[in-house]
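Undergrad: Chain W: place on chain R using the hints.
Top line first, the protein sequences correspond to chains R and W. For what it's worth, numbering that gives the first Met the number 0 labels the leading residue of the first sequence as 0, then goes sequentially. For what it's worth, numbering that gives the first Met the number 0 labels the leading residue of the second sequence as 0, then goes sequentially.
Don't read these hints as lab results, they were simulated from the structure. One or more hints might be untrue.
[To be verified] Mimicking DSSO-like on lysine-lysine, the simulated pairs with C-alpha atoms at most 27 Å apart in a straight line are:
1) W:Lys502 - W:Lys904
2) W:Lys787 - W:Lys904
3) W:Lys25 - R:Lys49
4) W:Lys502 - R:Lys68
5) W:Lys802 - R:Lys49
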Amino acid sequence: MNQENGSALTETVRLLCRTPGGPRFGDVLVVGGGISGIQASLDLASAGFKVYLIDRGPAIGGRMAQLDKTFPTNDCSM
Amino acid sequence: MDRVAGEAGDFTVTLLRKPRYVLEEKCTGCTTCVEYCPALCPDAFNQGLSQSKAIHIHYAQAIPLIAYIDDSCLYLKERKCRICEAVCKNRAIDFRQKPETLAVNVGAVILAPGFEPYDPRESGRYGYGRLANVVTSMDFERLMCATGPTEGEIRRPSDGRPPRRIAWVQCVGSRRVTPGENRYCSAVCCTYTQKQVILTKDHDPEAACTIFHNDVRSFGKDFERFCERAARLPDVRFIRSYVSIVGETAGSNVVVRYATASEGVREEEFDLVVLSVGMKPPAEAARLAERFGIALDPSGFCRVDPAHPLQTSRPGVFVSGAFAGPMDIPESVFAASGAGARCGELLSRRRGRLARERVFPPEKDVAAEEPRVGVFVCHCGANIGRVVDVPATVEYARGLPHVVYAQEQLFSCATNCAKEITAIAREKGLNRLVVAACSPRTLEPLFRDTLREAGLNPYFFEMANIREHCSWVHSLEKDAATRKARDIVRMSVARASRLEPLKEFTLPVHKAALVLGGGVAGMTCALSIAAQGHLVHLVERGEDLGGLARRLHTSLDGMDIPARVRDLAERVYANPRIRVYTRARVVSAEGYIGNFLTRIASDRGESEIRHGATVIATGADLYRPAEYRYGQDGRVLTLLELEEAIARGEERVLGAGRTVMIQCVGCRNAERTYCSRICCSAAVKNARRLKELNPAMDVCILYRDMMTYGFREEAYREAAERGVRFIRFEPERPPRVEAVAEGGASVLRVVVDDPVLGRTLAMDAGVLALAAAVVPAADAPEIAGLFKVALGPDGFFKEAHVKLRPVEFATDGVFLCGQAHYPKHLPETIKQAYGAAGRVAALLANDTVVASGAVCEVLERRCIGCGSCIAACTYGAIRISETKAGPKAAVNPVLCKGDGLCNAKCPTGAIVLKHFTDEELASQIDAAADAAASETLNRKAG
Chain R
0 MNQENGSALT ETVRLLCRTP GGPRFGDVLV VGGGISGIQA SLDLASAGFK
50 VYLIDRGPAI GGRMAQLDKT FPTNDCSM
Chain W
0 MDRVAGEAGD FTVTLLRKPR YVLEEKCTGC TTCVEYCPAL CPDAFNQGLS
50 QSKAIHIHYA QAIPLIAYID DSCLYLKERK CRICEAVCKN RAIDFRQKPE
100 TLAVNVGAVI LAPGFEPYDP RESGRYGYGR LANVVTSMDF ERLMCATGPT
150 EGEIRRPSDG RPPRRIAWVQ CVGSRRVTPG ENRYCSAVCC TYTQKQVILT
200 KDHDPEAACT IFHNDVRSFG KDFERFCERA ARLPDVRFIR SYVSIVGETA
250 GSNVVVRYAT ASEGVREEEF DLVVLSVGMK PPAEAARLAE RFGIALDPSG
300 FCRVDPAHPL QTSRPGVFVS GAFAGPMDIP ESVFAASGAG ARCGELLSRR
350 RGRLARERVF PPEKDVAAEE PRVGVFVCHC GANIGRVVDV PATVEYARGL
400 PHVVYAQEQL FSCATNCAKE ITAIAREKGL NRLVVAACSP RTLEPLFRDT
450 LREAGLNPYF FEMANIREHC SWVHSLEKDA ATRKARDIVR MSVARASRLE
500 PLKEFTLPVH KAALVLGGGV AGMTCALSIA AQGHLVHLVE RGEDLGGLAR
550 RLHTSLDGMD IPARVRDLAE RVYANPRIRV YTRARVVSAE GYIGNFLTRI
600 ASDRGESEIR HGATVIATGA DLYRPAEYRY GQDGRVLTLL ELEEAIARGE
650 ERVLGAGRTV MIQCVGCRNA ERTYCSRICC SAAVKNARRL KELNPAMDVC
700 ILYRDMMTYG FREEAYREAA ERGVRFIRFE PERPPRVEAV AEGGASVLRV
750 VVDDPVLGRT LAMDAGVLAL AAAVVPAADA PEIAGLFKVA LGPDGFFKEA
800 HVKLRPVEFA TDGVFLCGQA HYPKHLPETI KQAYGAAGRV AALLANDTVV
850 ASGAVCEVLE RRCIGCGSCI AACTYGAIRI SETKAGPKAA VNPVLCKGDG
900 LCNAKCPTGA IVLKHFTDEE LASQIDAAAD AAASETLNRK AG
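Here chain R stands alone, though its shape is the one from the complex (with noise of 0.2 Å):
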């Protein structure tokens, strides 16, 4: 998206915003929950928004849960 149709859009959400939603409402949906999808959505969930996070598997912490430690401060990885 360049910025031209950038300036649009945000109008296009404006005009959007002003009907409130049904209870399936939300600002932003987050595809994934590893620990960007994780960090994504508890960034917009403390600047206020209301945040879906979904994920394929049947727990958060994607390929990072599945590490021991992590370089380069051998860090625990939970």
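TA: Frame of chain R; chain W shown alone:
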């Protein structure tokens, strides 16, 4: 994820929820069902190295910590069994569950599906799947892990013996043109292998570790030192060679063939071979692309424009993490914050309408009660439990004074255990809690919330660190470690009994940001914060915006850098929410999160700026070489000067018969133990450009390890194919440059020892370009001092946590991005700048922030007004004020960081650091010093 309709601001996404066959609200995660389930299946979380059951919990610390039933269930397959239903006391099993379709309406989407580890079976070359003792690096992670199939004892699959001779094979599935493998570099494998080597040696100091590698790409922050640490360990060999897996011996050892310059082709036997597998696009990439209507790049990752690295080809759909290409955890984390910022820009008007606050029960007043301490001792999987006798420690804790309850837990940090702590605290009327587990640095906030949930003041909590301080450092002395764990617990209980309730402060947030540095990082960050609805003050020390990028012309990924920088600057100047200060200097900085006050001297004169957040994006400088005749001979340039000369079309450069480039000038040496990350790509970029403009030119790059990680690998390969010569040198024998008089002319001669050919090469260069290191900006120490943030060992700004807090400082409210953090490529800088903007917006979106209650307080009666505390405080938190009883010190609790320096200086003991009072600490020390006394007390209490 099934269907996507709509447009940015108004997407309707249809989701398909697979049945768990377990009712989430009823399951307690007790795992009784798992015990009784008769259907075994390979445990995917453990890479199939161990067996799991059809009903199981994904992993020990899983969130949510509830069971689920997978396809191997006998009932789901053959309508038999249903044992789990019978044994579940909570009636949480529900086989009637059906896949559920639900539609959600959202304004924006972030795609973060991650990556798939490369499966070596795809090439069939490595014996993986055929030879028992060939494993992938992901398998090896599980083999090392306390929660893995071998409970943290490294054992090889064939016979369960601990392997003594272990080989790592690098670039499996990466940097290869062979069918079934990938051409790009996966960027993380070199360093994770070094980590695995270091951890292997921790597990078994006798293990002999061999790494068969190509270039060692230690291009990230602190990687070079980490690599040296691995290489210095005894019995660790780094061998630069391609390998082939020959087969296995009768004893299932793996035979590896390799070649070195000195010894030729050799075969060697290893007990275990670890394949350092790279990253592939996630399995569902193609489906996601189709459903969302987004473009993928030829290797199957999400296609991004290097100038807009967080957005997909569809407006309103953003990308973060390794779906956009191989990257490490810090980059995934700041890309996530950055993608959040991009959503915030789009949706800033609806912020706060749908969110809800977490509500805690009211706090009970327990000040008058006798201490009733509860102790929870964590196994941390096997991290603690393998070394420390946890049940014995619990038993010991039960006998300590004031302890009314003690128990063990597998993972105290898991959701169910935290809930258990809350429930028990209520049930047993506990008013002080001790969790004996890991370092308070990461998890203390979590447990404090646990207390809040129980209606207790969060400061009635003490963490006994029996992992970092005990089980990890005494892994070979189990008895002694258990004794030490008891000592630590006894000390913590003593302190916990004396803890006092403290109040935290709520501070208003001034909704403006100060961004220091007007380069690409600063401008990108400022624009994003402004687009999210906040005022920004952008402060640049130079005359104009643009920073170092103004000197760049092209990039490997085809970004038109001058146009990009111009566009950013124009948008910054045009933005009504951004105020630009050029030729600016920070005169003074005071304040704290939410309420900073900074004085700036600039073209606008002196300005006093109030702001709630600070971003340091002050960039980096370039090293001025003192070697290779730079500055003495006009033909010797830096790479950046070469780039500028090419852009100007200088004939002496374009017409040169030969251009030689020398890499790693001024870094990766004793003085600067880091890699400047960007220079190898810059060399390839300029070499390619020179070959384009003058195909007859001989271009040689003298390098140590080519750091063209990720998709830059393709450009490296292409340059080699176009005839650019890459000649490696050993750091012990760097190239020599001399000016030789020949036939009346001065010839610039470069001499280098080629370790591959085993010969010394001499070449005469028309132009010599030096890859000068990226060094910390000269004013970094001054800025660090002003804003009370730290610098790392290399002089770059030091983030709060290398992995999980890569764009913020330990000092609250101060953030960083760009080359001030570490050298990086422009797309990485842009991502990090958005990342910082996302974190800033998350702060400024709130009207208030909460500050710690563990701060200093003056007992006026004892204060003699001498002022030594003021000199000791680095935060300017103490002032002398006149009182009726004379001058007395007073602490501003909001500025105080609770470091306690003033306490130590005060001659009359008039300053108290709350939560670390003399009484609390002395009780801890007494408990440490006098085990016997404690035992006596213990008996009395009993």
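Undergrad: None of the hints should be skipped; say for each whether it holds.
TA: Structure-based check of all given hints:
Restraint check: the Cα-Cα separation between Lys502 of chain W and Lys904 of chain W comes to about 25 Å, which is no more than 27 Å; the hinted pair holds. A distance of roughly 20 Å separates the Cα atoms of Lys787 of chain W and Lys904 of chain W; the hinted pair therefore holds under the 27 Å criterion. For the given pair, Lys25 of chain W sits about 25 Å from Lys49 of chain R by alpha-carbon distance, which is consistent with the 27 Å threshold. Our distance criterion of 27 Å between C-alpha atoms is broken by Lys502 of chain W and Lys68 of chain R, whose separation comes to about 36 Å.
Simply put, Lys802 of chain W and Lys49 of chain R have alpha-carbon atoms about 25 Å apart, close enough for the 27 Å limit, and the pair holds.
Figure legend: structure checked against the earlier numbered hints; the only hint not met is number 4.
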